[in-house]
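*Asks:* The chain contents come next:
Number of protein chains: 2
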Amino acid sequence: MQMPLSQPQSQPPSPPAEPDNSYEALFASSILRVNQSLERFLDKQAYDPSPQANGLWEAMRYGTLDGGKRIRSVLAMEVCKACGGQENTVLPTACAIELIHAQSLIHDDLPCMDNDDMRRGKPSVHKAFGESTAVLAGDALIALAFGIISKETPLDGSVSPQRLLSVIGDFSDVTSIRGLVNGQFVDILYEGQPFNQEILEYIHVYKTGALFRFSMGAGAKLAGAPDFVVDRFVTLGQKLGLAFQIVDDLLDIASSSEALGKTAGKDQLQEKATYPAFFGVEASRKQVDQLSQEAFTLLEETAGMPSGYDSKALKTLVGFIANRIH
Amino acid sequence: MQMPLSQPQSQPPSPPAEPDNSYEALFASSILRVNQSLERFLDKQAYDPSPQANGLWEAMRYGTLDGGKRIRSVLAMEVCKACGGQENTVLPTACAIELIHAQSLIHDDLPCMDNDDMRRGKPSVHKAFGESTAVLAGDALIALAFGIISKETPLDGSVSPQRLLSVIGDFSDVTSIRGLVNGQFVDILYEGQPFNQEILEYIHVYKTGALFRFSMGAGAKLAGAPDFVVDRFVTLGQKLGLAFQIVDDLLDIASSSEALGKTAGKDQLQEKATYPAFFGVEASRKQVDQLSQEAFTLLEETAGMPSGYDSKALKTLVGFIANRIH
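Chains as they are written, first to last, in my numbering: chain A, 1 to 326; chain B, 1 to 326.
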């Protein structure tokens, strides 16, 4: 019997939708919480009623919000949760990490530094707001980051005031001359200069490694993990930071500016000390694989971890860091 | 009888030496302790063994040591002692104040800001070390300042970890967008622009007032003073900061660069919003006298103070701030 044409024909059942396994989908909850909290910490209310310094405040927001993969803060959140800690405890510190990361980009992009006009797919802060505002916005972000950790972390028993003071001390170490400022200084020092493997590692350990070490160490510390577990995550952060930076350098060679959201090919132009420039692309790629393998092994360690410890999310993160394409 | 020439003649007794009542002499002990501690916090040992970032470290030392009246840190020390606190408790915070003050001068002197080649009688940091190093040295000093408060303050019972966290929170407020960075931003914004009394006060309250408020408030807080006493010293710091800044502006007009140790007459050249430019020299001078009178009155208040409270040293300090000539 022929079916009348007006009647809807039965369709073949559509195949089940592919699950979205992107970084953005899998860690959407952590990314959202970090972004919402950053918005709150940089809100008009959290700031000052006077309209005089609106431009400064807008530059701070512009350089911090609406952009970035938030990998460092997500790492802090996921380590804290894996170690049995509460998300609320680590959230202010996670946000402080993003503020310092944003600040380092704002100052690195300045004409007297890397002189970069593009960042996160839009004009860098000094292009949009002027140089003096970019310097001051960065300064304000550093100071704000420390204030957020000290004032916004809930002291409800799971973290003692002493432990929080020690997190602030660690944060100072990794953000000052023992940390990322040191790396940026040596990075600029060796632009166009002959360098060796030692210099290359030095730059990466300080410039990128510092915040990764802190993100993972502080995540564990704020979960109340014992010192040897904190140390393990610091080591893990060191390896991940290095892997992240090598991939960054590889992407700078291989990608377009559009995909990166910042000027591509600048490392070569500025004769930067990078892994691909020293070891070549293939050996650098192998180095990343080696580092992520070592990271997986460290994540397998269960000594000192609470009985519910589940390294799945952290392993997924390691995979994203090693294999990201932008 | 004539005395033989070879024999020493008796000299008339010399008049008793005038007591040295200079700021430097009267507060020599506090100044020395601050300078020694700054030297220690910026020592090679306190830093990092690697020689790669020597230039950065030297710029931080150059911009911080061997110079400055240390008025802000001395205020913190003297308030703490007057309120019955220990010098050791406030010393790290006093040093952190000087680090931030030095940082603000390093960044303010940059070509994109006030573009000043001379500071504390020598080339400013960017003239001596280059612009990128000056930016990074300032960044490192901010982060270091927070680390020193959190790591170096003795928690021996006279100050609780919670109270120290609250000092760190206050420090963040006065050094970020609610504090001196805000003032510097608006100061630059109004260069060469028409301004009114409101703008003028705004700039001074934030740019100079912020650190003075903090110095005196933190001094009281670290001595364990009750909140209303802390608030009183915050108000006092506000008045003293304003008096200090007006005197600074008056000296910029009246003094030589040699006496000031920085370029004189720059305010007028840059058409800065200053008290003398708005009210004239005489009215500005009267304003300073009025403010120091109000400060004296606040120092007379004994409610909430320990029985040994002695405001003599603080009154002397107020006198120096109001009447200094360089």
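Take these hints with a grain of salt, some might be off.
[Unchecked claim] Below 27 Å or equal to it, Euclidean Cα-Cα: the simulated DSS-like pairs (lysine-lysine) are:
{"id": "1", "chain 1": "A", "residue 1": "151", "chain 2": "B", "residue 2": "151"}
{"id": "2", "chain 1": "A", "residue 1": "69", "chain 2": "A", "residue 2": "81"}
{"id": "3", "chain 1": "B", "residue 1": "81", "chain 2": "B", "residue 2": "266"}
{"id": "4", "chain 1": "B", "residue 1": "127", "chain 2": "A", "residue 2": "127"}
[To be verified] Residues from chain B shown here face chain A by an in silico Cβ test under 7 Å; the list is partial:
{"id": "5", "residue": "15"}
{"id": "6", "residue": "22"}
{"id": "7", "residue": "23"}
{"id": "8", "residue": "26"}
{"id": "9", "residue": "53"}
{"id": "10", "residue": "54"}
{"id": "11", "residue": "56"}
{"id": "12", "residue": "128"}
{"id": "13", "residue": "131"}
{"id": "14", "residue": "157"}
{"id": "15", "residue": "161"}
{"id": "16", "residue": "168"}
{"id": "17", "residue": "175"}
{"id": "18", "residue": "182"}
{"id": "19", "residue": "186"}
{"id": "20", "residue": "305"}
For the record, the hints were derived by calculation from the structure and aren't laboratory data. Owing to the predicted nature of the structure, the values given are computational and were not obtained by experimental measurement. Heads up, the beta-carbon is just placed ideally off N, CA and C, and yes, glycines get one too.
*Asks:* For each hint given before, does the structure comply? Return the numbers of the non-compliant ones in rising order.
*Replies:* When the structure is compared with the hints, numbers 3, 5, 6, 7, 8, 10, 12, 14 and 20 turn out to be violated.
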